[in-house]
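Protein chains: 2
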Amino acid sequence: MRIGLDAMGGDFAPKEPILGAIEALRLLEPETSIVLIGDEEEIHRYLPDDLSHRIEILHTPKAIGMGEHPVKALKEKPEASIPTGIGLLKMGKIDAFCSAGNTGAMHVASMFTIKTIPGIIRPAIASLMPKEEGGFGVIIDVGANADTKADVLEQFAQLGTIFARGIFDVHQPKVGLMNMGEEESKGPPTIQAAHQLLKMDQSINFIGNIEGRDLFNSKADVIVCDGFTGNVILKMAESFFDLLKSRDKLDPFFERFDYEQIGGSPILGINGNVLIGHGVSNRNAISHMIFQAEKMIKSEITKKIQEFFRD
Amino acid sequence: MRIGLDAMGGDFAPKEPILGAIEALRLLEPETSIVLIGDEEEIHRYLPDDLSHRIEILHTPKAIGMGEHPVKALKEKPEASIPTGIGLLKMGKIDAFCSAGNTGAMHVASMFTIKTIPGIIRPAIASLMPKEEGGFGVIIDVGANADTKADVLEQFAQLGTIFARGIFDVHQPKVGLMNMGEEESKGPPTIQAAHQLLKMDQSINFIGNIEGRDLFNSKADVIVCDGFTGNVILKMAESFFDLLKSRDKLDPFFERFDYEQIGGSPILGINGNVLIGHGVSNRNAISHMIFQAEKMIKSEITKKIQEFFRD
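The listed protein sequences correspond, in order, to chains A and B.
Quick note on my numbering: the first sequence kicks off at 811 and runs consecutively.
Quick note on my numbering: the second sequence kicks off at 811 and runs consecutively.
Here chain A stands alone, though its shape is the one from the complex (with noise of 0.2 Å):
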């Protein structure tokens, strides 16, 4: 197995995706390797020698900046670490692409580069959400589509249904659809109407509309909502992670918030494994990225969905 990961991305690069290769690839198993994309002689002087023949460096000095303009700084720096990463996976020299950069240019080179599976109308981004009696829930959209109809919701939660089942090893995952009430009446049309698809969905366990009070408790695994909500629910549950932390208010649930311990968010739907991981993530951070990209890898969630799609 092969995890490719940028070491020009995120706001401490390239220290710390460099350092939490490291730290990844001491409890990852012998025979995975990472692609570090970045500038070999600053990689050098991070790297120890015990761990080089496990490490290959791909020489890409140049970096999309994290506040550039996506399109225009792809169509400019086709070099630059993001489309050389996403460009190695595309050709399957490495089986996932990590990075904490620029995660528009994430999506746009993955969508225009890997493309999305046949069948699929938009690819949505997932992201982990702590349960409190333990595990944790996959929310889908966390921010890549703004706007959605009812039938992108459907495949959300088909997308989601596939990925909890690889990766927290759930047979029937429940799908929840975030409405503002329980009843199937509520809500905008676009929901009203999503409703009532995932109720005829047999591909799928849906049970009913959930609130946002079922966030962490165990209603659903699998919480479908548009990219907008889900992105203001990811940013809010952030924030009291950012609360409890600075008030001294952690505890071993409140612990499972962090965004550090998460690691990173997958794109799903698309023809590859690419995981965005959040701009301030430090080495920590970085080390669980690659460790969600090698239960990816294992549990072929990517060639699941591009099997589900093509019937």
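Which copy is meant is left open, because identical chains are indistinguishable; a pair holds if it fits in one copy or across any two.
With a Cα cut of at most 20 Å, we get these calculated EDC-like pairs of lysine to aspartate or glutamate: (1) Lys882 <-> Glu993; (2) Lys996 <-> Glu878; (3) Lys996 <-> Asp957; (4) Lys941 <-> Glu1048; (5) Lys1029 <-> Asp1052; (6) Lys900 <-> Glu1110; (7) Lys941 <-> Asp1052; (8) Lys1059 <-> Glu942; (9) Lys996 <-> Asp1024; (10) Lys1059 <-> Glu1048; (11) Lys1055 <-> Glu1065; (12) Lys1045 <-> Asp1024.
Don't read these hints as lab results, they were simulated from the structure.
Got chain A; can you put chain B on it based on the hints?
The following block gives chain B in isolation, referenced to the frame of chain A:
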């Protein structure tokens, strides 16, 4: 000042509303009285002698249940406590009406009887969010409108501004538009259009987009969003409080997330002060809803909204 309270509304009625009214009366100015709308016999059971001169009872034994369909229930039980209270408000016999009963019935009865203020497209429900640096922000809408256009969102900003000015005593409340990114170009078309309207609106102090992570910081005093997103945010914040409480992690800041301390959510944009309480309101929550009603009456929010939209 006369505040009307639905003694039959909420999961713990009539006991908790009645005891809440008594708690509130002990702290309200002596010239303020409460009109309890509910079963006279039940009310007399809890009423202490020393306050009886400040409590009027309107015998209304019928109630609209929490699960009843609002329009149907209002048609079938025009003599129930909610339509009776709303009717009293319409006739000017009370200065505000509070209920922890059926939210939909409160909303529908308000719209049909108290009526929307001329110029207002859609009334909205406001709620308070605690700020880490002290005080509260107002979030509008939290559930009255599942789907909103840009011009409606602009009115929410105006309503929230008038409310914040009256309740928080800030001259130029900072208005933030809830979005999935800070840039103007972010979000669904409606939100982008609303951004442009808010930017041009001279009557408000627009500070730009805010994100889910900004709810509890001091970026904005008024948080503008559609009722769907606001409802998810409100319920998520409530569940966060419940988690903190059950895990024994409360502190003075986190205690301010407690709906009991907030009390009720006003419907803004109608010709009268109507406050909706949580179904699970206990006496403490009820008394805080009454204090909020008192603040709304004193600061003449409704009159100020009427004047603003008259122009």
